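With the hints as your guide, set chain B onto chain A.
Chains A and B are the protein sequences, given in the same order. Counting along the first sequence from 1, when you hit position 38 you're at 38 in our numbering, and nothing is skipped either side. Counting along the second sequence from 1, when you hit position 211 you're at 211 in our numbering, and nothing is skipped either side.
Calculated from the structure, these hints are not laboratory results. Keep in mind the model is a prediction, meaning the values are calculated, not measured. All residues carry an ideal CB built from backbone N, CA and C; glycine is no exception. There may be inaccurate statements among the hints.
Said to hold, decoys possible - Covered, in the sense of this in silico footprint (three residues per stretch, anywhere, with C-beta under 8 Å from a C-beta of chain A), are these stretches of chain B: (1) 221-229; (2) 258-266; (3) 315-324.
The lines below spell out each chain.
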Amino acid sequence: MRLRPAAVVALTLAFLACSPAGAGAAGRDDGDSNKKLLRIELEGSNGYTVSIVSSARQRVTVLATQEGVEGAPSYAAEYLVQDTQPSPDRIKAKVPGLGSIAVSFQPRGRVRHPTPPGCKGRPPTVQPGVVRGTIKFVGESDYTRVEAQRAEAEIEEPRGWRCHPGAKLEVERIRRNAEWTSKLGARTLGTYFIARKYEPGVIEEGQVLFLAETGVRFETAAGRTAYIVYRRATVTAPVSAFRDARPERIVISPPPPFTGTATFFRTPESVFAWRGDLAIQFPGVDPEPLAGPEFEPDYCLREVGCIRQHLR
Amino acid sequence: MGRRGAWLVGLVVAIALLAVPGGAAAKLRPGAKYEIQPARLAGYMDLGKRNGYRVGLILPDERTAVLYVYKIKWAGDRSSFTATTYAVRNQASLASGAIRARFGSLGRFSLRFRPNGRVERQETVQSGCEGSPAFTEYGRFAGRATFRGERGYLRFSLAGHAGAISHSFRLRCERGEADERPPGSLLGYVAPGSFFSSEGNIALLYASSRRHGRFVGVAAGHLEEEPPGAEVRVGSFEQRGRMAIGHYGFVYGGRGTLLTSPPGAHPASATLDPPAPLSGQASYQEEAADSRRWAGNLRIEFPGLKLPLTGPGFRARLCVLNPLYAPRTGCDFFKAPPPPADERPALSLGWMPR
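Chain A on its own, in the form it takes in the complex (with noise of 0.2 Å):
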């Protein structure tokens, strides 16, 4: 099938801050506490995991994940595809051009109430299990793969829960933003992109933490959509890669899989601009770009305020 990127997708930066309770997987339906969500989690290749869960409204989301060690960056790639299997305890899904997913689940085990922290309510009720069929997901480029017959999985039933599933990574990131000195955010439609620094020892490998995000909607020649993608890397870097002495003039020089520099600087309009050749290097995809006329910029200096920048 001949697919396009017809529309970038607005970013809500919750990316992975509500992943359901037990994998830390992410659905952003998973605020639908009354559905039941079937998670599947595999070993994808080049050290990717790969969590498949089936969500609200016959969503079935695919995340493919890879956390940064000892400085290495950290990649995240969520395609949102259709359910065509309303069974909850079934998927049957296409990522085109990508895979497919034909499961069904057969439980085994006890049924377990798990109560991770961060979450409020009546804890849910997660039932081990397996399922089995066809599992086929092979990422842009060949960046993970994984084929599977038969795999762990689970059905959860929030029971009407409020949680941010994967909580320790939202008090992870909680404590990441209570913590800040500066930041540098700069975006337009479909791409995000962030840099805060923050005081010696509070992240690891570094002062400084990079984050970029985008979101591209794939449509069918038919003009129907094939799949909506959100990407997401993180890096850290020394001091040196954020360098705002000057709050009129600020240069951002990240490391891979960022490559350039790009800079902030109030024009003589007192308008301020977000210009260079920043681009982020998501893995098995075009670089893509994160400064230009299009993106408007805002900068923050934790104790004084900010400086923001509309275009329109």
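What follows is chain B alone, placed relative to chain A:
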């Protein structure tokens, strides 16, 4: 005119609203301090569109008649605004329905109100006040109204026109809620306060002069967070015999309108290149600690007046701030040093950036 300039269109409307007091129902707080808002009579006559200008006569109180003339021009989704106002004393008694206003050599209004029976009563008094609600009588001002603007930009001779008189009663108001008292001088009616507000600007260029009894000010400012461009405001006022004349111009200029050196740069410099109704350019250059050059061929065309905005007698200032360290009120370069003597009359009328 852009989004923020829309208030200027309301300048005339706001004056007109003087004639139609009203507002939400109010109960005074027990224990509050009170002030009295005197009874007031106001008249209004919309003379419609003439020679491409919107024209009207307002009597904001019994003793004053203000003729306003304005034009709004649209270019795409942006517009510009120019206006001229003439304020004189009403020599007759509006209480008896009479207007006798002489606008120097430009014209005179000699009219008497004929009510048509239609009366609108306000249901409530203005917020924070108690007393009897105002009412408005509608009808026609009959008689003769003639006017010939400077160099003939506007001419009319009318045997009256539809209008209204509004009666508002003495009100007891919580302190601070009563309407401001009418200005003591006629200049106060043609030089409204806050026209040159500097709030929110992170770059503001301001030049003013006072020569031969005419105060002229031009301000160009770029607001924090806004896209490229600048608001440009020009105003002048003067007393000519027994008449006060005010001129206003507003336009939102796009990219390239105002360019400045960055904050803290020495010597600071700026250029101003605004769209119509202004023409030409002006440049600002700091030359020494207390010496600034303001040069160019910047001009504006008001209804009835072409005014140069550079040249001898102009004094210019530039303020460029970093939003992180700017006070929330934006540029404020009139706190220190104190305003020079030639600008004090303007300051007292609220015409300086503040």
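Outcome of the hint check:
With 7 residues bearing a CB less than 8 Å from a CB of chain A, the segment 221-229 of chain B meets the requirement of three and the coverage assertion stands. As drawn, the segment 258-266 of chain B meets chain A at 6 residues by the rule of a beta-carbon pair under 8 Å; at three or more, the given contact holds. Counting residues of the segment 315-324 of chain B whose beta-carbon sits less than 8 Å from any beta-carbon of chain A gives 4, enough to reach three: the coverage restraint holds.
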